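**Q** Chain residues, written in single-letter form:
There are 2 protein chains.
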Amino acid sequence: MEGSKGVVLLNCFVSPFGNRVRIALTKKGVEHEVTSENMVNKSALLLASNPVHAKVPVLLVAGKPVCESLVILEFIDEAFATSGEQLLPADAYARAQARFWAAYVDAKVPACAGKIWLSPAVAPAVEEGKKEMVDVFKTLEAELGEKAYFAGESLGFADVALVTFAPWFLTYERLAGFSIAEECPVLTAWAARCAKENECVSKSLPDPEAVFQFVGGMRKHFGLE
Amino acid sequence: MEGSKGVVLLNCFVSPFGNRVRIALTKKGVEHEVTSENMVNKSALLLASNPVHAKVPVLLVAGKPVCESLVILEFIDEAFATSGEQLLPADAYARAQARFWAAYVDAKVPACAGKIWLSPAVAPAVEEGKKEMVDVFKTLEAELGEKAYFAGESLGFADVALVTFAPWFLTYERLAGFSIAEECPVLTAWAARCAKENECVSKSLPDPEAVFQFVGGMRKHFGLE
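As you go down the protein sequences, you meet chains A and B in turn. At position 14 of the first sequence (counting the first as 1) the number is 14 in the UniProt record's numbering, and the numbers step up by one without a gap. At position 126 of the second sequence (counting the first as 1) the number is 126 in the UniProt record's numbering, and the numbers step up by one without a gap.
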């Protein structure tokens with residue numbers, strides 16, 4: 001395998017999970033290749049590297065796979081500890097807070113987002129997903145408060161976990177008929193700040209219109225529209 | 001608060017999540033108090049300490065709360081790094097593997113277990129939960145293979161994440177009509193080994209009959225039997 005001596009990320013360009021890893025690798029200056037996976041026709045390498053979940057992202061390091069995006073972020077912090085700034089703070093209690101909020105994102109955001117983009121247009125689930133999403137985002141706004149980032153002054157673990165959903169906001173808004181900027185101005189400003197102040201974020205995230213087009217294709221594939 | 005200067009665990013004695021924390025604190029020799037929570041009438045302290053999820057376990061350290069069981073295990077490893085053996089290995093790749101399997105347990109076991117114990121006795125969900133549980137346990141058996149523990153020779157992070165479900169096996173078996181020992185002998189032997197070789201496990205887990213009684217009470221409370 002060509003990349004067996006280096007760092008290779010198996011990703012799909014819209015994946016909020018895979019794009020976390022792109023941000024982390026870029027932030028830490030870890031040289032890597034990105035291989036695009038077709039999610040309706042997964043590669044033999046993806047299936048062999050993540051037999052349990054058969055999902056992106058997978059990070060291959062010297063051919064050895066690491067799976068699950070938050071696990072990969074921790075791995076990057078530990079395996080490339082000398083490269084650039086750490087994602088997790090040094091203090092044990094602050095680390096626990098960052099992990100708590102990243103786990104909150106994983107427990108809540110994909111579920112309500114899925115109700116919006118994986119339901120037929122007129123399904124009651126869409127309205128339900130929208131309400132849940134606003135609740136979840138308001139909880140995150142309350143935690144953010146006056147801070148620039150979740151852990152304070154710079155982009156960290158919880159920010160990276162959440163910001164990769166921002167390119168999907170336009171899709172959620174169009175499918176569920178609401179405005180995240182109006183409902184959640186603090187979170188919207190935070191997402192803009194993440195991209196504006198961090199090249200690792202702006203360079204790693206897809207264009208929201210491209211996400212919308214991609215999701216439209218997936219919805220047709222699943223017979224949802 | 002009496003325990004504000006020490007380490008206090010808010011727990012419910014049957015909780016697989018809370019009991020992970022008991023094992024970790026005991027294994028590392030961290031002095032602590034355990035406060036029993038009534039899950040149908042939660043204390044003001046629990047609600048104030050974990051406003052986001054309102055769930056056990058919560059670990060209070062000098063009055064500051066840490067929530068989410070796997071986050072707490074990482075916190076214990078980091079905050080009490082000098083006390084006893086670490087739960088996570090030293091090597092970054094091995095740490096990622098341990099975290100992957102603990103995340104797998106959290107993603108899979110509570111969901112299929114819930115189908116068994118939170119469904120009416122004759123619901124199709126019970127049969128579904130049983131089949132999924134056997135699949136999940138067989139995946140875990142394949143990972144375990146010939147090893148004594150998930151990370152090798154001693155009790156570690158993934159073992160602690162999973163072993164706290166073992167006292168519930170009797171309840172799953174009785175409610176869904178199957179034998180975990182027959183279906184999954186490798187996992188059954190591993191669970192017995194965890195308890196036999198580690199006092200921190202045997203001292204932290206409830207009696208399976210007590211779990212069954214407790215679950216029976218919960219099922220009556222929820223109108224399931």
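Honestly, I wouldn't trust all of these hints.
On the chain A side, residues computed to face chain B include the following (Cβ under 7 Å) [unchecked claim]:
no.	residue
1	Glu-68
2	Val-126
3	Ala-195
No farther apart than 20 Å at their CA atoms in a straight line, the calculated lysine to aspartate or glutamate pairs in the DMTMM-like style are these [to be verified]:
no.	chain 1	residue 1	chain 2	residue 2
4	A	Lys-64	B	Asp-207
5	A	Lys-64	B	Asp-91
6	A	Lys-55	B	Glu-173
7	B	Lys-55	A	Asp-106
8	B	Lys-42	B	Glu-31
9	B	Lys-55	A	Asp-91
10	B	Lys-64	A	Glu-143
11	A	Lys-55	B	Asp-77
12	A	Lys-108	B	Glu-173
13	B	Lys-196	B	Asp-207
14	A	Lys-55	B	Asp-106
15	B	Lys-108	A	Asp-135
16	B	Lys-64	A	Asp-106
17	B	Lys-138	B	Asp-91
18	B	Lys-55	A	Asp-135
These are calculated hints, taken from the structure and not from any lab test. Just so we're clear, the structure is a prediction, and the values are computed from it rather than from any experiment. The beta-carbon is built from N, C-alpha and C at its ideal position, and this holds for glycine as well.
**Q** A separate judgement is required for each hint: does it hold in the structure or not?
**A** Hints, verified against the model:
| no. | hint | verdict |
| --- | --- | --- |
| 1 | Glu-68 | holds (5 Å) |
| 2 | Val-126 | violated (23 Å) |
| 3 | Ala-195 | violated (26 Å) |
| 4 | Lys-64(A) <-> Asp-207(B) | violated (41 Å) |
| 5 | Lys-64(A) <-> Asp-91(B) | holds (14 Å) |
| 6 | Lys-55(A) <-> Glu-173(B) | violated (32 Å) |
| 7 | Lys-55(B) <-> Asp-106(A) | holds (17 Å) |
| 8 | Lys-42(B) <-> Glu-31(B) | violated (24 Å) |
| 9 | Lys-55(B) <-> Asp-91(A) | violated (24 Å) |
| 10 | Lys-64(B) <-> Glu-143(A) | holds (16 Å) |
| 11 | Lys-55(A) <-> Asp-77(B) | violated (29 Å) |
| 12 | Lys-108(A) <-> Glu-173(B) | violated (31 Å) |
| 13 | Lys-196(B) <-> Asp-207(B) | holds (14 Å) |
| 14 | Lys-55(A) <-> Asp-106(B) | holds (17 Å) |
| 15 | Lys-108(B) <-> Asp-135(A) | violated (25 Å) |
| 16 | Lys-64(B) <-> Asp-106(A) | violated (23 Å) |
| 17 | Lys-138(B) <-> Asp-91(B) | violated (27 Å) |
| 18 | Lys-55(B) <-> Asp-135(A) | holds (18 Å) |
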